[in-house]
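Taken in order, these protein sequences are the chains called A and B. Note that the numbering used here numbers the first sequence so that position 117 is 117, with each residue one more than the last. Note that the numbering used here numbers the second sequence so that position 222 is 222, with each residue one more than the last.
Keep in mind that the hints were calculated from the coordinates and are not lab data. Each hint should be verified, as a subset may be incorrect.
To be verified - In the SDA-like style, the derived pairs of lysine to any residue whose C-alpha atoms are separated by at most 25 Å in a straight line are:
{"no.": "1", "chain 1": "A", "residue 1": "K326", "chain 2": "A", "residue 2": "N146"}
{"no.": "2", "chain 1": "A", "residue 1": "K267", "chain 2": "B", "residue 2": "G287"}
{"no.": "3", "chain 1": "A", "residue 1": "K309", "chain 2": "B", "residue 2": "L112"}
{"no.": "4", "chain 1": "A", "residue 1": "K267", "chain 2": "B", "residue 2": "P291"}
{"no.": "5", "chain 1": "A", "residue 1": "K140", "chain 2": "B", "residue 2": "I111"}
{"no.": "6", "chain 1": "A", "residue 1": "K265", "chain 2": "B", "residue 2": "H224"}
{"no.": "7", "chain 1": "A", "residue 1": "K309", "chain 2": "A", "residue 2": "R145"}
{"no.": "8", "chain 1": "B", "residue 1": "K267", "chain 2": "B", "residue 2": "T290"}
{"no.": "9", "chain 1": "B", "residue 1": "K16", "chain 2": "A", "residue 2": "Q182"}
{"no.": "10", "chain 1": "B", "residue 1": "K140", "chain 2": "B", "residue 2": "I312"}
{"no.": "11", "chain 1": "A", "residue 1": "K265", "chain 2": "B", "residue 2": "P291"}
{"no.": "12", "chain 1": "B", "residue 1": "K12", "chain 2": "A", "residue 2": "T273"}
{"no.": "13", "chain 1": "A", "residue 1": "K340", "chain 2": "B", "residue 2": "K243"}
{"no.": "14", "chain 1": "A", "residue 1": "K326", "chain 2": "A", "residue 2": "D204"}
{"no.": "15", "chain 1": "A", "residue 1": "K12", "chain 2": "B", "residue 2": "L59"}
{"no.": "16", "chain 1": "A", "residue 1": "K266", "chain 2": "B", "residue 2": "K243"}
{"no.": "17", "chain 1": "B", "residue 1": "K134", "chain 2": "B", "residue 2": "D226"}
{"no.": "18", "chain 1": "A", "residue 1": "K265", "chain 2": "B", "residue 2": "R335"}
{"no.": "19", "chain 1": "A", "residue 1": "K340", "chain 2": "A", "residue 2": "M242"}
{"no.": "20", "chain 1": "A", "residue 1": "K16", "chain 2": "A", "residue 2": "N51"}
{"no.": "21", "chain 1": "B", "residue 1": "K140", "chain 2": "A", "residue 2": "E49"}
{"no.": "22", "chain 1": "A", "residue 1": "K265", "chain 2": "A", "residue 2": "Q182"}
{"no.": "23", "chain 1": "B", "residue 1": "K140", "chain 2": "A", "residue 2": "Q48"}
{"no.": "24", "chain 1": "B", "residue 1": "K266", "chain 2": "A", "residue 2": "F341"}
{"no.": "25", "chain 1": "A", "residue 1": "K309", "chain 2": "B", "residue 2": "I312"}
{"no.": "26", "chain 1": "A", "residue 1": "K266", "chain 2": "A", "residue 2": "P284"}
{"no.": "27", "chain 1": "B", "residue 1": "K140", "chain 2": "A", "residue 2": "K267"}
{"no.": "28", "chain 1": "B", "residue 1": "K331", "chain 2": "B", "residue 2": "Q82"}
{"no.": "29", "chain 1": "B", "residue 1": "K267", "chain 2": "B", "residue 2": "I334"}
{"no.": "30", "chain 1": "B", "residue 1": "K212", "chain 2": "B", "residue 2": "D226"}
{"no.": "31", "chain 1": "A", "residue 1": "K185", "chain 2": "A", "residue 2": "T273"}
There are 2 protein chains.
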Amino acid sequence: MVNYTDNPATIKDIAKRLNISLSTVSRALRNAPDVSEETRQAVLSLSQELNYQPNRLALSLRQNQTHTIGVIIPNLDYVLSQMVRGIDEVALEAGYTVMVCQSNESFGREILNTQRLLESLVDGFIISVSSETKSFEHFKKIQDRNLPVVVFDRITPHLPAPSVRLDNQAGGFMATEHLIEQGYKRIAVLAGPDNLGISNSRLDGYKSALKKHKIKLDPDLILHCDFNQDYAYYATQELLAMKKRPDAIFTISDRMAIGAMLAIKKKGLQMPTDIGLVGFNNEPVTGLVTPSISSVEMPSFEMGKAAAKLFIETMHNKESANNIEKILPPKLIIRESSLKFSV
Amino acid sequence: MVNYTDNPATIKDIAKRLNISLSTVSRALRNAPDVSEETRQAVLSLSQELNYQPNRLALSLRQNQTHTIGVIIPNLDYVLSQMVRGIDEVALEAGYTVMVCQSNESFGREILNTQRLLESLVDGFIISVSSETKSFEHFKKIQDRNLPVVVFDRITPHLPAPSVRLDNQAGGFMATEHLIEQGYKRIAVLAGPDNLGISNSRLDGYKSALKKHKIKLDPDLILHCDFNQDYAYYATQELLAMKKRPDAIFTISDRMAIGAMLAIKKKGLQMPTDIGLVGFNNEPVTGLVTPSISSVEMPSFEMGKAAAKLFIETMHNKESANNIEKILPPKLIIRESSLKFSV
DNA sequence: TTTCGCACCGGCAAGGTTGCCGGTAAGGTT
DNA sequence: AACCTTACCGGCAACCTTGCCGGTGCGAAA
Chain A
1 MVNYTDNPAT
11 IKDIAKRLNI
21 SLSTVSRALR
31 NAPDVSEETR
41 QAVLSLSQEL
51 NYQPNRLALS
61 LRQNQTHTIG
71 VIIPNLDYVL
81 SQMVRGIDEV
91 ALEAGYTVMV
101 CQSNESFGRE
111 ILNTQRLLES
121 LVDGFIISVS
131 SETKSFEHFK
141 KIQDRNLPVV
151 VFDRITPHLP
161 APSVRLDNQA
171 GGFMATEHLI
181 EQGYKRIAVL
191 AGPDNLGISN
201 SRLDGYKSAL
211 KKHKIKLDPD
221 LILHCDFNQD
231 YAYYATQELL
241 AMKKRPDAIF
251 TISDRMAIGA
261 MLAIKKKGLQ
271 MPTDIGLVGF
281 NNEPVTGLVT
291 PSISSVEMPS
301 FEMGKAAAKL
311 FIETMHNKES
321 ANNIEKILPP
331 KLIIRESSLK
341 FSV
Chain B
1 MVNYTDNPAT
11 IKDIAKRLNI
21 SLSTVSRALR
31 NAPDVSEETR
41 QAVLSLSQEL
51 NYQPNRLALS
61 LRQNQTHTIG
71 VIIPNLDYVL
81 SQMVRGIDEV
91 ALEAGYTVMV
101 CQSNESFGRE
111 ILNTQRLLES
121 LVDGFIISVS
131 SETKSFEHFK
141 KIQDRNLPVV
151 VFDRITPHLP
161 APSVRLDNQA
171 GGFMATEHLI
181 EQGYKRIAVL
191 AGPDNLGISN
201 SRLDGYKSAL
211 KKHKIKLDPD
221 LILHCDFNQD
231 YAYYATQELL
241 AMKKRPDAIF
251 TISDRMAIGA
261 MLAIKKKGLQ
271 MPTDIGLVGF
281 NNEPVTGLVT
291 PSISSVEMPS
301 FEMGKAAAKL
311 FIETMHNKES
321 ANNIEKILPP
331 KLIIRESSLK
341 FSV
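Whole structure, please, built from the sequences with the hints as guidance.
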């Protein structure tokens, strides 16, 4: 016996066919009490026969929640793809659907995205902010509506919320200390935009490694540039043109490391002998280029899972979890670009 | 003057405050006729003051459409990320929101995803099928409900629907012909799983290039393996261990090209002199490794946009557009791995 | 016999929006 | 004076589901 109508069956159809009320059918389907075993069985079997599926729209309208999470991310590069996969994984498990919006690192687009997701009545947000973002008014709207927010990866003090992030300082520290231990003396940094916490933390790690090893900080060796291969290329050319050029470069991302590598090669310098290089993120490409590039690995997939888990927790007890901050450890992957001596 | 309640304002609130009926407010907001200019202005200004935003849930329930597109893709690698960005772009413009689900190349997961998206009452689907998928029952459910479907990239005759794809045969052809013109005689292919149309088309292109240049097809030179770097690595080792080993390899994806490259290097052979190599997709990594790898470029971002546009069209006149098939041209990017003579 | 408790069930309203229809008043037409 | 048009507006139902409350009938206890 099949569905009689084109439209999906509703509770009403079942009620009519069984000559009982809507309420009873509803109760039967939800395993609520106040239904005799007999009618429950009848309802259940008929609902199967009609291939009944509850209408999520009506349910959401009634219960005022959509079981949907809005995810805003700056792009879909390697790292973020992994994170999204992690979020997806956990969300699916918990019965949530995910709406992913890319801001493309654009402030205006990010505003538009939040707008759209708010209109879609998502139950909350998981956010990694765009590098362009310096004002946070659009996110306040979210919290005004009392919706849970979890920030991850790129966090910022301007958006207080439970967060999941890498221990970026530790990452910067281990990259720098590694270079120091390999005998490099003048270590430059290609940092990101200076409003980006993620970049500044890695920079802090760099600084504290220098401090620990009693190396004087040279401000000329710190360059802020866009999170981008081309900018890094030009910035590196500048670095290499200095009178006392650096003998190692730590870049805040692998994209930038690639840019640096290209500039170094163009200049005719050899890694690791003439100059050392360490990147960040451990994208697969770092292991494939020649020389292979050392990089700080972050557990992206795990971070995504952690963010989604934290979101679900925050969802379930809104107040308590407000100051939670999950910090995951990085791991240095040493490759040819920085390995003067074997370890 | 601010919102008086915690909850977002509804049409009801406006009606009450202005002492008019819900219907009138609704009409005023939708710029429908039958509203005096005076009351319309009153409604509009009050709705701004209260920061009224229509409740999409109620709207969707009423109008039986959610303005949401379900997107199912096998993963979020470089190419698919670009495509998703293209889809996003067009969908946003057209007032649609996108729900992206990754099947992770898993058949079971793909079923689950369609299930979930159907429950979410998406207005239709944009699909690129998993490589594992050999049965298509789960997609039939979609078409049973008369929802529009557009397939892209990985299309299959088992799922008839308007489609957007690369001219894969042309891609395979130009890659192969290029190798032939460079003087390679024994050209091997690393193909994907043999149920994957995308792979078979590229293979067809390979075959017709051989035919055109009167080169006998050697079945031993065609290897099917998983779409995956490691498998390609082992497959290439096999190829290189043959008595009469191939002097060029065309791989159906860049991932596989990387695997092949590693195997070639391990064996101590030189590209392009000892052996030529051409990949597919033109992922950025192909331009960064040494030697850089020639690859067939596909306009991923444009394909995503085209898919979304086609979806919207299909949406608007359900019947007519059923047999549309948009085919985009590939472009060969020649790099060191296959360039014996300059062009 | 009355009262109570229990097991089961139905009606109504609400959630926010729109489509359809009917209604009113003012003005114009025959 | 009777009728029609026009411009505007409100009521009701529907989309689908659930929560609350108010039943009904029956057996058991007082």
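Inset, instruction - Verify the proposed pairing of K309(A) with L112(B), using a straight-line Cα cut of 25 Å. - result: 21 Å, holds
Legend entry - Distance restraint between K266(B) and F341(A), which requires alpha-carbon spacing of 25 Å or less: 23 Å, holds
Legend entry - Restraint status (C-alpha distance of K326(A) to N146(A) at most 25 Å): At roughly 22 Å apart (the allowed maximum being 25 Å), N146(A) and K326(A) satisfy the hint.
Inset, instruction - Starting from K212(B), check that the Cα of D226(B) is at most 25 Å away, please. - result: 28 Å, violated
Legend entry - Restraint status (C-alpha distance of K265(A) to Q182(A) at most 25 Å): 20 Å, holds
Legend entry - Distance restraint between K340(A) and M242(A), which requires alpha-carbon spacing of 25 Å or less: 23 Å, holds
Legend entry - 25 Å Cα cutoff - pair K266(A), P284(A): Cα-Cα ~23 Å, so holds.
Legend entry - Agreement of K16(A) and N51(A) with the hint, judged by alpha carbon distance not exceeding 25 Å: Distance of about 16 Å is within 25 Å: holds.
Legend entry - Agreement of K265(A) and P291(B) with the hint, judged by alpha carbon distance not exceeding 25 Å: 14 Å, holds
Inset, instruction - Could you grab the alpha-carbon distance between K140(A) and I111(B) and see if it respects the 25 Å cut-off? - result: 38 Å, violated
Legend entry - Straight-line alpha-carbon gap K12(B) to T273(A), limit 25 Å: Since the Cα atoms of K12(B) and T273(A) sit roughly 73 Å apart, the hinted pair is violated (cutoff 25 Å).
Inset, instruction - Starting from K140(B), check that the Cα of K267(A) is at most 25 Å away, please. - result: 59 Å, violated
Consistency note: the structure conflicts with the earlier hints numbered 5, 6, 9, 12, 13, 16, 25, 27, 30.
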